[in-house]
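Asks: Next come the chains, spelled out residue by residue.
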Amino acid sequence: MTTMMDRPNAGNAISMPVEYLRSQSVDIVHEQWRREGGLGEDKPTKSDLIKDAVEVANRLLRLPHGWDGKNARRVDPTVALTMVRFIESLIDDGSPDAQLSPLPDGGLVAEWLVGDDSVEVRVHPGLRWSIWAERADGVDEVEASFERPEQGRAAIEQARIFLSKMGEHVRVRRPRSR
Amino acid sequence: MTVPSVPRRAVEDDYVLYRRIPDFGHKDLMVFNNETGNWRPSSAAYVFDADGCSVYCREFLDADRLSWRDLPMKPVSILFELTASQIRSKFPDVVHSPYPEGHFADRPHEASHCSVLRGDVGDNAVRKRLKALFSMGRFTNFDAATGQVTESVSNDSGPAASA
Numbered sequence: 001m002t003t004m005m006d007r008p009n010a011g012n013a014i015s016m017p018v019e020y021l022r023s024q025s026v027d028i029v030h031e032q033w034r035r036e037g038g039l040g041e042d043k044p045t046k047s048d049l050i051k052d053a054v055e056v057a058n059r060l061l062r063l064p065h066g067w068d069g070k071n072a073r074r075v076d077p078t079v080a081l082t083m084v085r086f087i088e089s090l091i092d093d094g095s096p097d098a099q100l101s102p103l104p105d106g107g108l109v110a111e112w113l114v115g116d117d118s119v120e121v122r123v124h125p126g127l128r129w130s131i132w133a134e135r136a137d138g139v140d141e142v143e144a145s146f147e148r149p150e151q152g153r154a155a156i157e158q159a160r161i162f163l164s165k166m167g168e169h170v171r172v173r174r175p176r177s178r
Numbered sequence: 179m180t181v182p183s184v185p186r187r188a189v190e191d192d193y194v195l196y197r198r199i200p201d202f203g204h205k206d207l208m209v210f211n212n213e214t215g216n217w218r219p220s221s222a223a224y225v226f227d228a229d230g231c232s233v234y235c236r237e238f239l240d241a242d243r244l245s246w247r248d249l250p251m252k253p254v255s256i257l258f259e260l261t262a263s264q265i266r267s268k269f270p271d272v273v274h275s276p277y278p279e280g281h282f283a284d285r286p287h288e289a290s291h292c293s294v295l296r297g298d299v300g301d302n303a304v305r306k307r308l309k310a311l312f313s314m315g316r317f318t319n320f321d322a323a324t325g326q327v328t329e330s331v332s333n334d335s336g337p338a339a340s341a
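Chains F and H, in that order, give the protein sequences. Mapping of the first sequence onto this note's numbering: position 19 corresponds to residue 19, and the numbering continues sequentially without gaps. Mapping of the second sequence onto this note's numbering: position 62 corresponds to residue 240, and the numbering continues sequentially without gaps.
Since the hints were made in silico from the structure, they are not lab data. A quick note: this is a predicted structure, and the numbers were derived from the prediction, not measured. Backbone N, C-alpha and C fix where the C-beta goes; we use that ideal spot for every residue, glycine too. Each hint should be verified, as a subset may be incorrect.
[What the hints assert, rightly or not] Beta-carbon label-pair distances, calculated as ranges:
| # | chain 1 | residue 1 | chain 2 | residue 2 | range |
| --- | --- | --- | --- | --- | --- |
| 1 | H | D191 | F | P77 | 41 to 47 Å |
| 2 | F | G126 | H | D229 | 20 to 26 Å |
| 3 | H | V327 | F | E147 | 40 to 46 Å |
| 4 | H | E329 | F | V54 | 45 to 51 Å |
| 5 | H | N216 | F | D48 | 19 to 25 Å |
| 6 | F | V54 | H | V225 | 20 to 26 Å |
| 7 | H | R285 | F | G115 | 28 to 34 Å |
| 8 | F | P77 | H | G215 | 43 to 49 Å |
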């Protein structure tokens with residue numbers, strides 16, 4: 001757990017009497033930071049977010065053949081590596097959580113969801129890939145498909161900007177049971 | 179093995195369709211909303227093949243004296259529920275398709291198998307329609323080992339009673 005020593009400036013936002021704070025749990029202090037909009041534990045760095053994505057990708061790589069109870073293929077390691085690189089290109093400090101799911105063909109989906117705004121990236125074996133960024137009103141900011149991962153830089157940049165705006169509306173983080 | 183001949187039945191609008199969602203203890207095919215705190219299925223949880231997207235009809239299970247607890251639950255441990263009318267509001271149809279190819283007579287629940295028909299639309303249209311559907315419906319999460327319901331949430335009207 002992060003302590004006040006780790007985030008010395010964050011405590012400046014707190015103006016409650018010391019006696020009151022002493023009578024409460026440390027969580028009260030962290031909650032106060034969070035409400036003040038400081039660098040709370042719910043605002044992870046880009047490095048934190050990538051680390052999470054890599055952990056999940058590694059776990060999904062261990063799924064056996066037939067993970068869906070039918071004939072789903074194992075996640076392709078090249079797909080996983082490519083997906084992590086896409087995530088790295090798309091996110092910044094405080095971005096929404098990149099949420100990875102396996103596809104039956106051995107591909108992966110990454111989704112970001114904040115309110116009704118969403119971004120989705122799909123990578124399939126062979127590294128054919130698609131990206132969608134959709135606003136709450138249903139209009140697509142980005143909708144594109146490519147045959148190779150080197151393609152689509154403009155689409156990634158557009159989606160990155162959209163995702164950055166989505167990050168401003170993050171209220172709660174995915175529970176870290178993963 | 180001989181596949182039994184089951185008459186095709188009409189899927190009425192108020193019938194409930196279950197989609198089985200694989201889970202490995204981390205809601206890997208569910209997506210968390212960073213603004214609302216709600217969960218919905220990942221678009222990866224509803225994959226269409228040539229026959230459509232597989233779902234199971236609660237009313238057909240009932241008629242055969244089965245329930246969702248008779249559906250194979252490993253590795254599956256999440257069920258997402260939609261009514262036929264909700265599905266038909268976004269996709270052309272949902273039809274009874276018992277014993278799909280490769281599913282055998284020793285699986286009686288396959289008599290309740292239905293297919294959501296995709297129609298002649300592209301991936302992005304499917305994705306958008308699924309996204310709209312996922313704002314409806316209800317999901318039930320349970321312990322695959324014990325069958326005990328651990329979470330039951332309605333996206334329409336907040337937390338629902340346990341199934």
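Asks: Hint by hint, note whether the structure agrees.
Replies: Hints, verified against the model:
As the Cβ distance of H/D191 to F/P77 is approximately 45 Å, the hint placing it in 41 to 47 Å holds. The given range of 20 to 26 Å is respected by F/G126 and H/D229, whose C-beta atoms sit roughly 24 Å from each other. For H/V327 and F/E147, the Cβ-Cβ distance of about 44 Å falls inside the hinted range of 40 to 46 Å, so the restraint holds. Evaluation of the 45 to 51 Å hint for H/E329 and F/V54 yields a failure: the beta carbon distance comes to about 27 Å.
Roughly 23 Å separates the CB atoms of H/N216 and F/D48, a value that falls within the hinted 19 to 25 Å. At about 25 Å, the beta-carbon gap between F/V54 and H/V225 stays in the expected band of 20 to 26 Å. A beta carbon spacing of about 41 Å between H/R285 and F/G115 contradicts the range 28 to 34 Å that was offered as a hint. At roughly 33 Å, the beta carbons of F/P77 and H/G215 sit outside the given window of 43 to 49 Å.
Going through the hint list in order, the structure does not satisfy hints 4, 7 and 8.
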